[in-house]
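Q: For reference, the chains in residue letters:
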Amino acid sequence: MKMKKVLGTVISLALAASMFSACGAKSDSGSGNAASGGSDLIKVGIINNDPNESGYRTANDKDMKNTFTEANGYSASFAYSLKNDEQIAAAQKFIQDEVDYLLISAAGTSGWDSVLKDAQSAGIKVILFDRTIDADPSLYEASIVSDMAQEGQTAVDWLASQGLSEYNVVHIQGVMGSAAQIGRTGALDAQVAANDNWNLITQQTAEWNAETAQQIVQSVIDGGQSFNVIYAENDDMAKGAVAALDKANISHGVGKDVIVMGFDCNKWALEELLAGNWNYDGQCNPFQASYINDIIRDLENGKAPAEKVVIMQEKGFDASKITQEDVDNYGI
Amino acid sequence: MKTLEKPVQQKAGKKSTGNLLTKLIKNQIFIPIAALLILVIFNLIADPSFFAVTLSQNSAGYPVLSGNLITILDNASELVILAIGMTLVTSASGGQDISVGAAIALSGSVVLRVLCGTESRPEALQAPIIVAFLVCCVVAMAFGAFNGVLVAYFKIQPMVATLILFTAGRSIAAWINNNELPIISDESFGYFGNFIPGIPIPTPIFIAIICMIIIALVLRFTKLGLFTQSVGINAESSRLNGINPEFIKFITYVILGLCVAIAGFIKVSRFSTINYSVVAKDIEMDAILAVALGGNALSGGKFNMAASILGAYVIQFLTTTLFKFNVISSALPAYKAVVVIILVILSAPIVRDKIAAIRKKLSAQKTTVKEAAQ
Numbered sequence: 001m002k003m004k005k006v007l008g009t010v011i012s013l014a015l016a017a018s019m020f021s022a023c024g025a026k027s028d029s030g031s032g033n034a035a036s037g038g039s040d041l042i043k044v045g046i047i048n049n050d051p052n053e054s055g056y057r058t059a060n061d062k063d064m065k066n067t068f069t070e071a072n073g074y075s076a077s078f079a080y081s082l083k084n085d086e087q088i089a090a091a092q093k094f095i096q097d098e099v100d101y102l103l104i105s106a107a108g109t110s111g112w113d114s115v116l117k118d119a120q121s122a123g124i125k126v127i128l129f130d131r132t133i134d135a136d137p138s139l140y141e142a143s144i145v146s147d148m149a150q151e152g153q154t155a156v157d158w159l160a161s162q163g164l165s166e167y168n169v170v171h172i173q174g175v176m177g178s179a180a181q182i183g184r185t186g187a188l189d190a191q192v193a194a195n196d197n198w199n200l201i202t203q204q205t206a207e208w209n210a211e212t213a214q215q216i217v218q219s220v221i222d223g224g225q226s227f228n229v230i231y232a233e234n235d236d237m238a239k240g241a242v243a244a245l246d247k248a249n250i251s252h253g254v255g256k257d258v259i260v261m262g263f264d265c266n267k268w269a270l271e272e273l274l275a276g277n278w279n280y281d282g283q284c285n286p287f288q289a290s291y292i293n294d295i296i297r298d299l300e301n302g303k304a305p306a307e308k309v310v311i312m313q314e315k316g317f318d319a320s321k322i323t324q325e326d327v328d329n330y331g332i
Numbered sequence: 333m334k335t336l337e338k339p340v341q342q343k344a345g346k347k348s349t350g351n352l353l354t355k356l357i358k359n360q361i362f363i364p365i366a367a368l369l370i371l372v373i374f375n376l377i378a379d380p381s382f383f384a385v386t387l388s389q390n391s392a393g394y395p396v397l398s399g400n401l402i403t404i405l406d407n408a409s410e411l412v413i414l415a416i417g418m419t420l421v422t423s424a425s426g427g428q429d430i431s432v433g434a435a436i437a438l439s440g441s442v443v444l445r446v447l448c449g450t451e452s453r454p455e456a457l458q459a460p461i462i463v464a465f466l467v468c469c470v471v472a473m474a475f476g477a478f479n480g481v482l483v484a485y486f487k488i489q490p491m492v493a494t495l496i497l498f499t500a501g502r503s504i505a506a507w508i509n510n511n512e513l514p515i516i517s518d519e520s521f522g523y524f525g526n527f528i529p530g531i532p533i534p535t536p537i538f539i540a541i542i543c544m545i546i547i548a549l550v551l552r553f554t555k556l557g558l559f560t561q562s563v564g565i566n567a568e569s570s571r572l573n574g575i576n577p578e579f580i581k582f583i584t585y586v587i588l589g590l591c592v593a594i595a596g597f598i599k600v601s602r603f604s605t606i607n608y609s610v611v612a613k614d615i616e617m618d619a620i621l622a623v624a625l626g627g628n629a630l631s632g633g634k635f636n637m638a639a640s641i642l643g644a645y646v647i648q649f650l651t652t653t654l655f656k657f658n659v660i661s662s663a664l665p666a667y668k669a670v671v672v673i674i675l676v677i678l679s680a681p682i683v684r685d686k687i688a689a690i691r692k693k694l695s696a697q698k699t700t701v702k703e704a705a706q
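Respectively, the protein sequence lines represent chains S and E. Be aware that the first sequence starts at 1, since it is given in the working numbering, and climbs by one per residue. Be aware that the second sequence starts at 333, since it is given in the working numbering, and climbs by one per residue.
FYI, nobody ran anything at the bench for these hints, they're computed from the structure. Hints may contain errors.
[To be verified] One-sided and incomplete, this derived list gives chain E residues near chain S with beta-carbon spacing under 7 angstroms:
1) Lys656
2) Asn658
3) Thr700
Even for Gly, the Cβ is constructed at its ideal location relative to N, Cα and C.
Use the sequences and the hints to build the structure in full.
A: Written out as structure tokens, the structure reads:
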């Protein structure tokens with residue numbers, strides 16, 4: 001931790017030094033012609049959550065690093081933390097370093113007002129990605145987010161389109177209160193409430209944990225209840241549920257007794273779809289970098305983004321239609 | 333363990349001859365047994381089919397036993413193994429190791445790293461499973477030794493010392509595998525966390541039983557139990573009696589490291605993969621709780637290993653019961669908390685002494701009344 005801080009200071013000092021030397025050049029090229037020359041790189045400070053947090057975050061971080069490269073005309077610095085206060089401190093440091101853009105995936109939704117105002121008065125443009133924050137929209141240029149409720153709705157619509165005469169759903173939830181859980185639960189809850197032939201056999205949280213999900217499904221099976229849909233709010237939990245099904249010799253997948261649904265589109269999960277062992281996987285798109293890149297290019301050309309909130313396109317994959325190409329392109 | 337307990341029991345026996353109940357309540361193992369009994373009775377009344385165990389085939393065509401009881405025994409295995417080590421650590425150092433969850437992620441990551449080599453999705457195993465297991469044992473024991481050195485020789489509070497690994501462990505685990513999530517396709521690796529083909533009982537149950545037998549033999553035939561307890565009760569006087577308290581504390585952390593390695597191995601074997609951020613999450617709290625439910629003082633000293641192990645089974649029994657009764661997800665922690673608070677209060681030595689004292693008073697009054705009547 002300390003090592004990281006020392007390293008961070010050294011890097012930021014080095015950056016600051018290089019900035020002073022580049023200062024003159026920069027004011028010259030401020031005329032608007034944003035040619036991606038070698039000397040006038042766009043400086044971005046990226047504040048993200050810890051890449052170890054999940055496969056989603058790892059893919060997200062990789063995507064950022066691949067997009068904001070020197071070859072693409074960027075000079076990027078990264079700061080990672082799962083804690084809001086550490087992220088805010090990192091933002092303040094980036095403001096002192098006089099970055100051009102501040103890209104933030106906030107750990108928490110509140111407490112950002114003052115630092116965003118600082119950024120604004122320093123002429124730094126802020127773009128939020130992945131997560132929104134509770135601040136006045138005038139404080140940031142755009143936010144690129146996933147609509148978790150839409151993800152849930154897409155999945156539920158797909159399930160409804162399967163035309164089963166009765167839906168007996170085992171619903172395995174993520175950590176209660178997380179955005180993904182709320183969005184993905186909401187759509188299913190609404191559908192169950194609105195339709196008589198949709199029943200929740202059980203609705204429990206496995207806290208994103210495969211083993212807990214296995215125990216929950218096991219307990220449903222041991223209790224002798226019958227069901228025909230597993231709706232798990234991430235891939236790990238779907239995997240755990242499938243382990244319980246396998247143990248009890250209950251068939252699952254395309255054209256089998258139980259429909260298995262997961263979220264997040266891990267590569268291995270899409271391979272399960274390809275093999276026909278699962279039926280559906282909903283995407284939670286971690287690839288915001290290209291959206292951000294477009295917005296920055298527009299802003300550099302003096303064009304404000306068309307929409308403040310950009311909701312990313314997210315797919316839902318159906319096992320009967322998925323191809324190897326999808327697995328390669330969308331697997332994280 | 334035995335040598336320390338006997339005099340106490342004898343004394344209690346002499347004082348209140350015939351008062352079985354007092355003796356029973358006085359006994360440490362009473363609380364976890366009572367808790368188990370309550371859970372069993374509760375489930376029997378609510379739904380007797382809870383205890384049904386059936387033999388059926390799994391999707392691979394092998395016979396497997398299934399039922400809630402099997403689930404409890406199976407899924408409690410890792411916790412039982414951890415409770416063994418945690419009891420020793422608690423007894424000797426008067427504190428707890430809160431890094432076991434992170435250490436499980438770490439040791440599991442090591443297993444996968446050895447088995448996968450440099451690929452994240454190998455077609456075949458890159459090393460024999462036993463090698464992976466041994467490497468994982470060595471690594472986990474080394475981290476246990478690290479904790480042990482901090483606690484025993486640098487005299488750092490156990491919770492603070494193990495906080496280091498608690499914070500860093502999962503990141504190190506991710507780093508070991510280059511942030512990738514390796515998946516092992518070889519089926520034989522899954523045997524240790526699931527079933528060996530043809531044997532209908534889950535393998536973790538066997539592994540837990542083996543661990544219990546080993547620790548029982550160790551406590552029976554070595555002085556480990558006596559030494560840890562005397563160090564925990566009074567380190568200075570044990571030193572004067574020729575015991576090296578630092579070394580005893582150190583060795584309990586290494587033993588816990590070994591327990592972590594075994595538990596971590598089972599954990600990764602269950603799904604042949606790992607998720608660094610959620611694997612064995614909060615298991616350290618459950619392990620500490622198992623020790624507390626066993627009526628062991630968390631401040632160290634005397635311990636009862638069997639009670640800790642039973643405590644671990646009680647926790648899993650409770651979890652499975654709550655799943656079975658389909659408690660609303662958002663309320664689940666609250667239910668668990670209420671039960672745990674009751675159990676922990678009941679198992680606190682002070683409360684047990686008080687209850688026993690009240691019982692004794694009551695029976696004494698009764699006898700005087702009887703005597704007066706005669």
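Q: Verify the interface restraint on asparagine 658 of chain E: the C-beta must sit less than 7 angstroms from at least one C-beta of chain S.
A: 5 angstroms, holds
Q: Quick check on lysine 656 of chain E please, does its C-beta sit within 7 angstroms of some C-beta on chain S?
A: With a closest approach of 5 angstroms, the lysine 656 of chain E hint holds.
Q: Hint threonine 700 of chain E vs chain S: min CB-CB distance below 7 angstroms?
A: 53 angstroms, violated
Of the numbered hints listed earlier, the single one contradicted by the structure is hint 3.
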